[in-house]
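Participant: Mind docking chain B on chain A? Use the hints.
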Amino acid sequence: MSRKILEVRGLSRIHGKGCPLCTQHTGPEFDTNICPFCGSVVAAHDINFDLYRGEILGIIGESGSGKSSTVKMLYFDDAPTSGQATFFDGAEQHDLFSLNAAQQRSMRNKRFGMVYQNPHMGLNFQISAGGNIAERLLMSDLKHYAEIRRRAGELLSRTEVSLARMDQNPKTFSGGMQQRVQIAKALATRPPLLFLDEVTTGLDLSVQAAILDLILEIQNELDTAMIVVTHDLGVIRLLAGRTLVMKHGRVIESGLTDQILEDPQHAYTQRLVASAL
Amino acid sequence: MTQAILTIEDYAKTFHLHERNKDIPSASGVNLSVYPGRLTALIGPTGAGKSSVLKGIYRTYLPSSGRILFRTKAGNIIDLAKACEHQILELRKQEIGFVTQFLYCLPRKSAIDVVAEPLFARGVDSHEARGRAEKLLAQLAVPSHLWNVPPATFSGGEKQRVNLARGLIAQPRLLLLDEPTASLDPATTERVIKHIQSLKETGIAMLAIFHHPDLVRRLADEVVELSPPIAVTELSKD
Numbered sequence: 001m002s003r004k005i006l007e008v009r010g011l012s013r014i015h016g017k018g019c020p021l022c023t024q025h026t027g028p029e030f031d032t033n034i035c036p037f038c039g040s041v042v043a044a045h046d047i048n049f050d051l052y053r054g055e056i057l058g059i060i061g062e063s064g065s066g067k068s069s070t071v072k073m074l075y076f077d078d079a080p081t082s083g084q085a086t087f088f089d090g091a092e093q094h095d096l097f098s099l100n101a102a103q104q105r106s107m108r109n110k111r112f113g114m115v116y117q118n119p120h121m122g123l124n125f126q127i128s129a130g131g132n133i134a135e136r137l138l139m140s141d142l143k144h145y146a147e148i149r150r151r152a153g154e155l156l157s158r159t160e161v162s163l164a165r166m167d168q169n170p171k172t173f174s175g176g177m178q179q180r181v182q183i184a185k186a187l188a189t190r191p192p193l194l195f196l197d198e199v200t201t202g203l204d205l206s207v208q209a210a211i212l213d214l215i216l217e218i219q220n221e222l223d224t225a226m227i228v229v230t231h232d233l234g235v236i237r238l239l240a241g242r243t244l245v246m247k248h249g250r251v252i253e254s255g256l257t258d259q260i261l262e263d264p265q266h267a268y269t270q271r272l273v274a275s276a277l
Numbered sequence: 001m002t003q004a005i006l007t008i009e010d011y012a013k014t015f016h017l018h019e020r021n022k023d024i025p026s027a028s029g030v031n032l033s034v035y036p037g038r039l040t041a042l043i044g045p046t047g048a049g050k051s052s053v054l055k056g057i058y059r060t061y062l063p064s065s066g067r068i069l070f071r072t073k074a075g076n077i078i079d080l081a082k083a084c085e086h087q088i089l090e091l092r093k094q095e096i097g098f099v100t101q102f103l104y105c106l107p108r109k110s111a112i113d114v115v116a117e118p119l120f121a122r123g124v125d126s127h128e129a130r131g132r133a134e135k136l137l138a139q140l141a142v143p144s145h146l147w148n149v150p151p152a153t154f155s156g157g158e159k160q161r162v163n164l165a166r167g168l169i170a171q172p173r174l175l176l177l178d179e180p181t182a183s184l185d186p187a188t189t190e191r192v193i194k195h196i197q198s199l200k201e202t203g204i205a206m207l208a209i210f211h212h213p214d215l216v217r218r219l220a221d222e223v224v225e226l227s228p229p230i231a232v233t234e235l236s237k238d
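These protein sequence lines map, in sequence, to chains A and B.
Residues 1 to 277 in this note's numbering are what the first sequence spells out, letter by letter.
Residues 1 to 238 in this note's numbering are what the second sequence spells out, letter by letter.
Read the hints as simulated data drawn from the structure, not as lab findings.
Positions of the beta carbon are idealized from the N, C-alpha and C atoms, including for glycine.
Warning: the hint list may mix true and false statements.
Sample of chain B residues at the chain A side, in silico, Cβ under 10 Å [as the list claims (entries may be wrong)]:
| hint | residue |
| --- | --- |
| 1 | 13 |
| 2 | 15 |
| 3 | 17 |
| 4 | 18 |
| 5 | 19 |
| 6 | 55 |
| 7 | 86 |
| 8 | 88 |
| 9 | 89 |
| 10 | 92 |
| 11 | 106 |
| 12 | 107 |
| 13 | 143 |
| 14 | 147 |
One chain only, chain A, in its complex shape (with noise of 0.2 Å):
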């Protein structure tokens, strides 16, 4: 059976001074994640999951569900108002946000991933691909340039990207290109968790598969645990065993991926499916 890697509870994001009553007033009941009374924005409520190594979790939902808000939090990027998430790591176990910064840093670039919708936020323009993964090797455990470098190559030709293009700046690469080079990246420590925000919208289709297969080959390769953030029906279809559906910062619906397309409980999932193309 497999072994959970990631267990959030309550978690939880107000933007704003917040109120006793923000709570109570927003989300879908409401349509609204603004509060009434205090003008607060509750991005996120009580979001509770386990992950499993090697799983794909899928997250959905509109702009301003809350979907991003919540990887955010678990990736440091952002810190949450309440709420626990707790990283099975081996044998041991940490309370992420009991971490001090130094330890969230560590636990960034040796242990998780992320790969952004916008390649602006995952790489660095300033150096050259291969510079971008060097950086994050010499994160970890890596100290030597040409041991560095043939890992930094190995990464990119896993990722599909030209050899020929590895001491170019990602800055003149497409679009799919740099999402390849933000995977090799973020896979460069070996995480065995990543989180990935949108990683293929905006890309052409032919793109978006190729991306998509890769993800997969990845993660089956790797063993990889991935949190998917999507607003895409088709790509959680592709790619997440289970799903979460979010809607004005709460979960409204969680359960097997073909579940939730084929039998959708919530008013809004059966609206958001039905409106797919």
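Facilitator: Quick look at chain B alone, frame taken from chain A:
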């Protein structure tokens, strides 16, 4: 007879459509059993809930009521209607297979890899998995020049055969078949029949929906007739 691997007690499924504030029943009062090495056929008119039963077992549908008791390899009885999602995913990987009417697969994957995928997921060596996929594709008469091509451009019948091969390859303990021969020519249908017969001999339990009464006659050991949306009768062929 040996112990049933699957026993369904009073399964019902009703869809609630919020937008229209309407309840749509898709199956009710379904009782049946499936045994190792035997095939149970579901029959009944369109709308009787045949696919609904298969999807309820596989948990593509959340059952509205009833119990779906599955005897695992380890000998435990699990109610599939209530089991947790991770448990269902594990059973899908190891013990329960489903050949649906449609093939969903990634655009770049070759037919061989699409077929071998359930074996990859179980950790079978890739060389061996591909070898078994080739053998099965040959048995189902998929032309060898197509094996390394993604199935996206295949004809309906070729896709169906790839889909079937993918469902059959892992030899699950319980196999659900939803019209596995619907778009196949008579010669290929004959090959599929032979293959299903050989699967029975290996002890695989099957629950199937067939298009043609002839297939039911030739393959079914038990026949369960569904009628929309209430009654169900279990008939024994022998």
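Participant: Against each hint, give a clear statement of whether it holds in the structure.
Facilitator: Consistency of the hints with the structure:
no., hint, verdict
1, 13, "holds, 8 Å"
2, 15, "holds, 7 Å"
3, 17, "holds, 7 Å"
4, 18, "holds, 3 Å"
5, 19, "holds, 6 Å"
6, 55, "holds, 7 Å"
7, 86, "holds, 6 Å"
8, 88, "holds, 6 Å"
9, 89, "holds, 5 Å"
10, 92, "holds, 9 Å"
11, 106, "holds, 5 Å"
12, 107, "holds, 4 Å"
13, 143, "violated, 24 Å"
14, 147, "violated, 18 Å"
Consistency with the previously given hints fails for numbers 13 and 14, ordered from lowest to highest.
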